[in-house]
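Q: Please put together the full structure from these sequences, using the hints given.
Going down the list, the sequences are from chains F and R. All you need for the numbering used here is the position in the first sequence, starting with 1, plus 23. All you need for the numbering used here is the position in the second sequence, starting with 1, plus 23.
Keep in mind that the hints were calculated from the coordinates and are not lab data. Do not rely on the hints blindly, as some may be mistaken.
Identical copies carry no separate label here, and so any pair may be met within one copy or between two of them.
[Stated by the list, open to error] Subject to a maximum C-alpha distance of 20 Å in a straight line, what follows is the list of computed PhoX-like cross-link-like pairs (lysine-lysine):
1. K416 / K442
2. K305 / K294
3. K459 / K305
4. K423 / K371
5. K142 / K118
6. K162 / K118
Protein chains: 2
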Amino acid sequence: MESGTPGGSGPAEPGPRLRGLGGALQAAWASLLSGAQAQAQAEGGCCAPAVAAVLPAGGSGERMGVPTPKQFCPILERPLISYTLQALERVRWIKDIVVAVTGGNMEAMKGIIQRYQHKRISLVEAGVTRHRSIFNGLKALAESQPNSRLSRPEVVIIHDAVRPFVEEDVLLKVVTAAKEHGAAGAIRPLVSTVISPSSDGCLDHSLDRTKHRASEMPQAFLFDVIYEAYQQCSDYDLEFGTECLQLALKYCHVKAKLVEGSPDLWKVTYKRDLYAAESIIKERISQQMCVVMDTKEDEEHVGRCLEEMLKNELNHVKVMSGRDLQQVILEQCYNFVCVNVMTSDFEKTQKLLNVLDESNLSILYPVVVISVHFLDNKSIPFGRKMEDLMQIKELAREVKKRNILLCGLLIYYPQDEQKLQESLRQGATIIATLIKERDSGLIGQLLIA
Amino acid sequence: MESGTPGGSGPAEPGPRLRGLGGALQAAWASLLSGAQAQAQAEGGCCAPAVAAVLPAGGSGERMGVPTPKQFCPILERPLISYTLQALERVRWIKDIVVAVTGGNMEAMKGIIQRYQHKRISLVEAGVTRHRSIFNGLKALAESQPNSRLSRPEVVIIHDAVRPFVEEDVLLKVVTAAKEHGAAGAIRPLVSTVISPSSDGCLDHSLDRTKHRASEMPQAFLFDVIYEAYQQCSDYDLEFGTECLQLALKYCHVKAKLVEGSPDLWKVTYKRDLYAAESIIKERISQQMCVVMDTKEDEEHVGRCLEEMLKNELNHVKVMSGRDLQQVILEQCYNFVCVNVMTSDFEKTQKLLNVLDESNLSILYPVVVISVHFLDNKSIPFGRKMEDLMQIKELAREVKKRNILLCGLLIYYPQDEQKLQESLRQGATIIATLIKERDSGLIGQLLIA
Chain F
24 MESGTPGGSG PAEPGPRLRG LGGALQAAWA SLLSGAQAQA QAEGGCCAPA VAAVLPAGGS
84 GERMGVPTPK QFCPILERPL ISYTLQALER VRWIKDIVVA VTGGNMEAMK GIIQRYQHKR
144 ISLVEAGVTR HRSIFNGLKA LAESQPNSRL SRPEVVIIHD AVRPFVEEDV LLKVVTAAKE
204 HGAAGAIRPL VSTVISPSSD GCLDHSLDRT KHRASEMPQA FLFDVIYEAY QQCSDYDLEF
264 GTECLQLALK YCHVKAKLVE GSPDLWKVTY KRDLYAAESI IKERISQQMC VVMDTKEDEE
324 HVGRCLEEML KNELNHVKVM SGRDLQQVIL EQCYNFVCVN VMTSDFEKTQ KLLNVLDESN
384 LSILYPVVVI SVHFLDNKSI PFGRKMEDLM QIKELAREVK KRNILLCGLL IYYPQDEQKL
444 QESLRQGATI IATLIKERDS GLIGQLLIA
Chain R
24 MESGTPGGSG PAEPGPRLRG LGGALQAAWA SLLSGAQAQA QAEGGCCAPA VAAVLPAGGS
84 GERMGVPTPK QFCPILERPL ISYTLQALER VRWIKDIVVA VTGGNMEAMK GIIQRYQHKR
144 ISLVEAGVTR HRSIFNGLKA LAESQPNSRL SRPEVVIIHD AVRPFVEEDV LLKVVTAAKE
204 HGAAGAIRPL VSTVISPSSD GCLDHSLDRT KHRASEMPQA FLFDVIYEAY QQCSDYDLEF
264 GTECLQLALK YCHVKAKLVE GSPDLWKVTY KRDLYAAESI IKERISQQMC VVMDTKEDEE
324 HVGRCLEEML KNELNHVKVM SGRDLQQVIL EQCYNFVCVN VMTSDFEKTQ KLLNVLDESN
384 LSILYPVVVI SVHFLDNKSI PFGRKMEDLM QIKELAREVK KRNILLCGLL IYYPQDEQKL
444 QESLRQGATI IATLIKERDS GLIGQLLIA
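A: In C-alpha cells:
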C-alpha cells in the first residue's frame with residue numbers, strides 16, 4: 024500500500040510508508056517502549072505517525088445473560104467501558120478516540136465521559152453490526168466535518184470496549200507493525216481445540232492447535248488501507264464478518280502482521296469475566312498503601328512498628344510513608360492508613376480526607392482510608408474509647424459520597440512487647456482485608472485488633 | 024463398533040449397543056434428566072450403562088503463571104480439583120472416577136481425597152502428556168487387577184480436573200449420545216475469530232466463525248471405542264495430540280456427536296479464571312441464609328423485623344427460619360444468622376456452632392455465622408455491652424479451626440420504629456457483606472449497625 028491510493032485523500036503528515044523505512048521507524052518507536060521518552064516523542068517527534076483509535080461499543084451483550092450491555096456493566100461502580108477508555112487515554116500518542124455507541128446509549132455515554140473526565144473522545148452512532156460501527160468510526164475520522172476536532176490519522180487502532188487491560192506496549196507493537204505492513208493484530212494461543220462440525224451435528228474434523236491462533240484485539244491499520252477495505256467490502260461482509268484483518272487481506276491484499284499478545288487482552292464476554300475483571304482491578308489498586316503519621320517522638324515508636332508489620336505481613340504490597348502526600352497521590356496510591364496514637368478524635372484523619380478530596384484521586388477508583396487508633400487502657404477505658412470513636416460512622420457516610428471508603432481500627436496496645444507485636448499483626452491482617460475487599464458495606468465500622 | 028471387538032474383553036453388562044436401540048435408550052435416559060428419578064434408575068435400572076470417568080490431572084499449569092499446578096490452586100482454601108471431584112461424585116450413576124496425577128503429587132492427592140471425604144476415586148500415575156494420562160486411566164479400567172475395585176465400564180466420560188462447574192445434565196447428554204454414536208463431546212461457540220498464520224508470522228487466512236466450534240469437556244465414549252483408539256494410535260498422537268474425539272474418528276471411524284454445552288464448562292487456564300471461579304463459588308454458597316431465633320414473645324418482634332429486612336434487602340437470597348436446623352443443613356445452607364435479643368452472651372450461638380460442628384457441613388465450604396445482638400441503652404450502657412461481647416474474638420479463633428467464620432453484629436435498638444428500621448437495614452447490609460466476602464480476616468469482629 025502506497026500513499027495516494029484511491030480512497031486516501033492524504034493525511035496531514037503522510038510520512039514515509041515504504042517497507043524500507045520500517046527498520047528505522049521501528050527503532051525510533053522501540054525507544055518509546057522505555058516509557059520515559061513517550062511524552063517528548065509524542066509531542067515533538069517528527070517521525071511518529073498520527074494515531075487515532077476506534078472503539079466499537081454498540082453490542083447488546085446477549086452472551087452475558089444480563090440486561091445491561093456488557094460494556095456498561097459496573098465494576099467497582101464504574102462502567103467497564105470507562106476502564107478501557109482510561110487504558111487508551113493514558114497512551115499520549117493516541118490523538119483521538121472515536122467511540123461508536125447506539126443512539127439509545129448516547130446520553131449515558133456522554134454522562135460517563137463527563138463523570139470520569141475522559142479526554143480526546145468523540146462519539147459516533149453505532150451500526151447494527153460490529154463492522155458497521157467500525158466503519159462509522161472510520162468515516163468520522165476520514166471526513167473533516169466543519170465542527171469536528173477530528174483529523175484523518177495515518178494509523179488507526181481498532182480495539183474493543185470490553186478489553187480494559189490493554190497495555191501501551193502491545194498498542195505500540197501493532198501500530199509499529201501496521202506502519203510497516205499496512206495491518207497488524209494481536210493473537211493468542213488457542214485455549215480449546217477448534218473443530219468443524221458436519222451438517223448432522225457430528226465431528227467432521229478437528230484443527231491442529233499448533234497451526235491456528237485466536238485473533239484478539241488491538242489491531243492497527245494504515246488508515247488508507249482499512250478505510251478503503253471498508254468502502255469496498257460487500258454488505259454480506261458488513262453484516263456477517265467478524266475479522267478486520269480479513270477485510271484488509273481480501274480488499275487491499277495487505278497481509279497483516281500478527282503480534283503475540285499477553286493474556287491480559289482477553290475479552291469480557293461472560294458474567295464470569297466481569298468477576299475476573301473486578302478481581303484484577305481490585306488487586307491492581309491494592310498493590311501499594313501509604314501510612315500517614317505524625318513525627319512526634321512518643322507516637323513514632325508504635326507507628327513505625329505498625330508500618331514494619333505491614334511491610335512484613337503484606338510483602339507483596341508497597342508500603343510508603345505519607346511524608347509527601349502530594350507525591351503519593353501522584354503515584355496513584357488508593358489506600359491510606361492514618362495512624363493516631365494518642366487521640367480519639369479524627370482531626371488528623373479529617374486533614375487527610377480533605378487532601379484526598381482536593382486531589383480528585385477517588386474519581387476513578389474507591390479510595391480506602393483506615394483511621395488507626397490505639398487503646399492502652401491507662402488513659403481511657405475501652406467502652407469510653409469506643410464511644411468516642413463511634414463518630415466515625417457519620418464521617419464515613421459523608422465521605423462515601425466522594426467515593427472514599429473510611430473505616431476505623433482500634434489496636435490494643437499492651438505494655439508487653441510480644442503482645443503488642445501480636446496486636447499489630449492482627450491489625451495488619453484487618454488492614455489487608457479491608458483494602459483487598461474494598462466493600463462499601465463495611466464503611467464506618469470500628470474494627471478491633 | 025460392536026461388542027466383541029478386539030480390545031474389548033466385555034464389560035460386566037454389555038447391554039444393547041446397536042444404533043437402532045438408541046431412541047429407546049435416549050428416552051429412558053431422558054427421564055433421568057428430570058432429576059427425581061435419577062437415583063432409582065441408577066440403582067435399579069437395567070438399561071443404564073455402567074459409567075466411569077477419567078480425569079487427567081497431570082498438568083503443570085504453566086499458563087497460569089504460578090508455581091502450583093492449576094488443578095491444585097486453592098479456592099476458599101480448597102484445591103480446585105476437589106470441586107471437580109465433588110461435581111462428578113454427586114452424579115450417582117458414575118460408578119468410578121479415575122484420576123491421573125504425577126508421582127510427585129500422588130501423596131498430596133491422597134490427602135485431598137481424605138480431607139474432603141471424596142468417594143469412588145482411584146488414582147493412577149499420569150503420563151507426560153494429557154493423552155498419555157488418559158490412556159493410563161483407561162488401562163486401569165480395562166485390566167482387572169487382583170486388588171482393584173475397578174471394573175470395565177460400558178461408557179467412559181473424559182473430563183478435565185480444571186472444569187469444576189460441570190453439571191449432571193451435560194454429563195447425561197454426552198453419555199447418552201456416546202451410547203448411540205460411540206463418541207460425543209461438548210462444544211461451545213468460538214469467542215474469538217480463529218486465524219491461520221503463514222510461516223512469516225503474517226495472516227494467511229481467517230476461519231469462518233459460524234462454521235467452527237470450540238471443543239470443550241466433558242466427552243464420553245463407548246469404552247471399547249476409545250480404548251481401541253488409544254491402543255492403536257501413534258506416539259506422535261500421544262505426544263502432540265489434543266483431541267480425544269479426533270482419535271476415535273481416526274482409529275475407529277467413529278464420528279462423535281457434538282453436544283452444545285453451557286458457558287459453565289469453561290476451563291480454568293489463567294489466573295483470572297481462578298478469580299472468576301472463586302467469585303462464582305462464593306456467589307453460589309451465598310444464595311441462602313438461615314435465621315435462628317428463639318420463639319419467646321419479647322424476642323420475636325425484633326427478630327422477625329430483622330428477618331423481614333433481610334428478605335427485602337437481599338431479594339436474591341433465600342432467607343429461611345432455623346426451626347429445623349438439620350433440614351437446613353441438609354439443604355446445604357452455608358450462612359447462619361443467630362439472633363440474640365436480650366443476652367450479651369453466646370450461649371445460643373454456641374449451641375448453633377455445636378450443631379454445625381457435628382454436621383460436617385464446613386468440610387467443603389467455609390460456613391459464615393453471624394451472632395446478632397441488640398443494644399437498647401435501657402439495660403446496659405454501650406461500652407459495657409461491647410466489653411461483654413468482645414469474648415467473641417476467642418470463640419471465633421476456636422471455630423475458625425473447623426472452617427467456621429464467626430462474626431458479631433450489634434444492632435442499635437431505639438424505641439422509635441422508623442429509626443429501628445434504619446438500624447435493621449444497616450444490619451442487613453453488613454450481614455450481606457460478611458456473607459458475600461466470606462473473608463477470614465474479619466472473624467471475631469463485632470460490627471455495629
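Q: Taking the hints in turn, state whether each one holds.
A: Each hint, compared with the structure:
{"no.": "1", "hint": "K416 / K442", "in the structure": "between (29 Å within a copy, 15 Å between copies)"}
{"no.": "2", "hint": "K305 / K294", "in the structure": "both (17 Å within a copy, 14 Å between copies)"}
{"no.": "3", "hint": "K459 / K305", "in the structure": "both (7 Å within a copy, 16 Å between copies)"}
{"no.": "4", "hint": "K423 / K371", "in the structure": "within (18 Å within a copy, 36 Å between copies)"}
{"no.": "5", "hint": "K142 / K118", "in the structure": "within (10 Å within a copy, 61 Å between copies)"}
{"no.": "6", "hint": "K162 / K118", "in the structure": "within (16 Å within a copy, 62 Å between copies)"}
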